[in-house]
Amino acid sequence: MTTDALRATPKVETPLRRFLTDFFASKLAIAGLVGLTLVVLIAIFAPWIAPQNPYDLRQLDIMDGRLPPGSKSFSGMTYWLGTDDQGRDMLSGIMYGLRTSLAVGFGASLLALMIGMSAGLIAAYFGGWVESLIMRIVDIQLSFPAILVALILLAVLGQGVDKIVIALVAVQWAYYARTVRGTALVERRKEYIEAARCLALGDRRIVFKHLLPNCLPPLIVVNTVLVASAIALEATLSFLGLGLPVTKPSLGLLIANGFAYLLSGKYWISFFPGVALLFTIVCINLVGDQLRDVLNPRLQK
Amino acid sequence: MLVYLIRRLLQSAVVLLVMSMLVFLGVFAIGDPIEILINPQADQAEIARARNALGLDLPLWEQYARFLVNAATGDLGRSFVHNIPAIDLIFQRMPATLELAITATLMGVVLGVPLGMWAGLKPNSMVGKSIMAGSILGFSLPTFWVGLMLIMIFAVQLGWLPSTGRGETRSVLGIQLSILTLDGLSHIALPALNLALFKLSLVIRLARAGTREAVLQDYVKFARAKGLAQKRVVWVHVFKNILIPIVTVLGLELGTTIAFAVVTETIFAWPGMGKLIIDSINLLDRPVVVAYLMIIVFMFIFINFAVDLVYSVLDPRVRLSDAKA
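Going down the list, the protein sequences come from chains A and B. When you line the first sequence up against this note's numbering, it's residues 1 to 301, in that order. When you line the second sequence up against this note's numbering, it's residues 1 to 325, in that order.
It is worth saying that the hints were derived from the structure and are not from the lab. Some clues are possibly wrong.
Here are a few chain A residues that sit away from chain B, every Cβ distance over 12 Å (derived from the structure) [as the list claims (entries may be wrong)]: (1) Ile30; (2) Val40; (3) Ile44.
Restricting the straight-line Cα-Cα distance to at most 30 Å, the calculated cross-link-like pairs of lysine-lysine (BS3-like) are [unchecked claim]: (4) B:Lys221 with A:Lys27; (5) A:Lys27 with B:Lys231; (6) B:Lys221 with B:Lys231.
Pair by pair, the computed Cβ-Cβ distance ranges are [to be verified]: (7) A:Ile49 with B:Ala306: 41 to 47 Å; (8) B:Asp88 with A:Gly202: 55 to 61 Å; (9) B:Gly159 with A:Leu28: 24 to 30 Å.
This one's a predicted model, so the numbers in the text were calculated from it and none came from an experiment. Glycine included, C-beta positions come from ideal geometry on N, C-alpha and C.
Work out the full structure, taking the sequences as your base and the hints as a guide.
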């Protein structure tokens, strides 16, 4: 009887469970998530799974330079995706390049998220001249295209991992600030904030413990889209020779490296890193699209 | 209206000033230009003389004031590499960039509007879905990689089109244009297509959304009820009405296209100002870098100002809300 009674009680659908069911309703989103997980795993475990350490000069043989995909080296190793001008295995190069690209993209976006989020919350919560000032800066910055802002900063700052992270953060914080402010303005007028105020809680506590968690859903969506654009922008800047130094090749730098050989028909040096880059961006965008649909309350059935 | 105008003008001036300060401080104060300008074997006295001649011994604010006064009179320094005024160098290269940007925009419209309308008229057909999938891909593909693939396919494998340079140009009113000669056209095809790709995706989306909305409107229903041919309904009644938002967005996007031309010009060795800035950054030709950044920032501030002004004329709510704030 007890088992029957248990079965009779309706299953409680927690928000997390509902979110997961909704998210996995789309086959494309699942494919995107699987692809993204794969890319992240490859990036994390690159030193253990790559056939070769592309930065260890002892493992490279200049005689193996510019071999087409599928050729064998003197030592019997097969270069599935060919080699570059230094005799580096492209497959290993891409795995290590993904590491750099993803680290810079995710890192910069996370930093921009924190800065933009704080700025947006402060603007929405305090209002008045603070809000006018912050949002004016945001408006002005967003009236310039991202690549131009990054170009100005890199022309001024020079090359380096830290420089490109600064440039990406400077480009992206404004998007987060605008999104958070929009949501926070709506949330601020709700009863729970009023209740928290009545309890005489401190401003900081209200903003970060009460207001912030309720502003998160749109932020998560914007974040996925912006991670993809950060990765693409970093690759573009590195391709132009303004981004990362040659010692830390990201996918963009690998592609730039192969550009010189493209005209003589040696396509693989540029082609495969580009495919890896495209695959990463498309996977992130697929996940982001589905997140937007699931987290948007207006679209909920 | 006047209050709004003055307010907006003041804001533009402040932005320009802040930007000039950023560029000046960054480019001239972080690195020491003396190291590049002077022979490394020069002794202390020589360095001091050069420093004095260039005004680099003055306090920073005075150098900046000098820079501002010179900039206001159109003097942004001489290029170290080409040894001509930096601003002349940029104006020489500007027509090539504008030609590329405008051709790319036109390409986006001519290809994008019919494709978008098709997708809007038949949203559930295979073709409609493929067009939309293509436009999503167009947003995701990194421009520079697409450029490389275009070169690989059309220049290297097929050998149909040249991959670098402007080709033969013809002079119109003292401006060299590539689109007027057959050779020039074959040279501009790939870079313009590359630059147009993002625009194309955008136009397809706008045209599709506009068409889907327009076919539900009464004037389209009425045109159909009158017994007009489908061709006429689509190309006269629907087409005209979806153009307004597309033209607005493309006008706004022109600046972005010029900024993005940096990437395309570098790949296709198109001799415009985008390639100039990348070359100048690599050669440490600082006056050219500063001049380019100042000119493009000025251009953007001007475009934004003009757009806001037009909107405030068209929509009184904009200027009223801003005048109060």
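Here is how each hint holds up against the structure:
1. The beta carbon of isoleucine 30 (chain A) sits about 17 Å from the closest Cβ of chain B, which is more than 12 Å, so the claim that it is off the interface holds.
2. For valine 40 (chain A), the shortest C-beta to C-beta distance to chain B comes to about 18 Å, beyond the 12 Å cut-off, and the non-interface label holds.
3. Separation of isoleucine 44 (chain A) from chain B is adequate, the least Cβ-Cβ distance of about 23 Å exceeding the 12 Å criterion.
4. The straight-line distance between the Cα atoms of lysine 221 (chain B) and lysine 27 (chain A) is roughly 37 Å, outside the 30 Å bound, and the hint therefore fails.
5. At most 30 Å may separate the alpha-carbon atoms for a hinted pair to count; lysine 27 (chain A) and lysine 231 (chain B) exceed this at roughly 38 Å.
6. Distance restraint check for lysine 221 (chain B) and lysine 231 (chain B): the Cα-Cα separation of roughly 14 Å lies within the 30 Å cut-off, and the hinted pair is therefore satisfied.
7. Checked against the hint of 41 to 47 Å, the pair isoleucine 49 (chain A) and alanine 306 (chain B) fails, with Cβ atoms roughly 55 Å apart.
8. Evaluation of the 55 to 61 Å hint for aspartate 88 (chain B) and glycine 202 (chain A) yields a pass: the beta carbon distance comes to about 60 Å.
9. The hinted window of 24 to 30 Å between glycine 159 (chain B) and leucine 28 (chain A) is violated, with their beta carbons roughly 38 Å apart.
Taken one by one, the earlier hints fail for this structure at numbers 4, 5, 7, 9, listed in ascending order.
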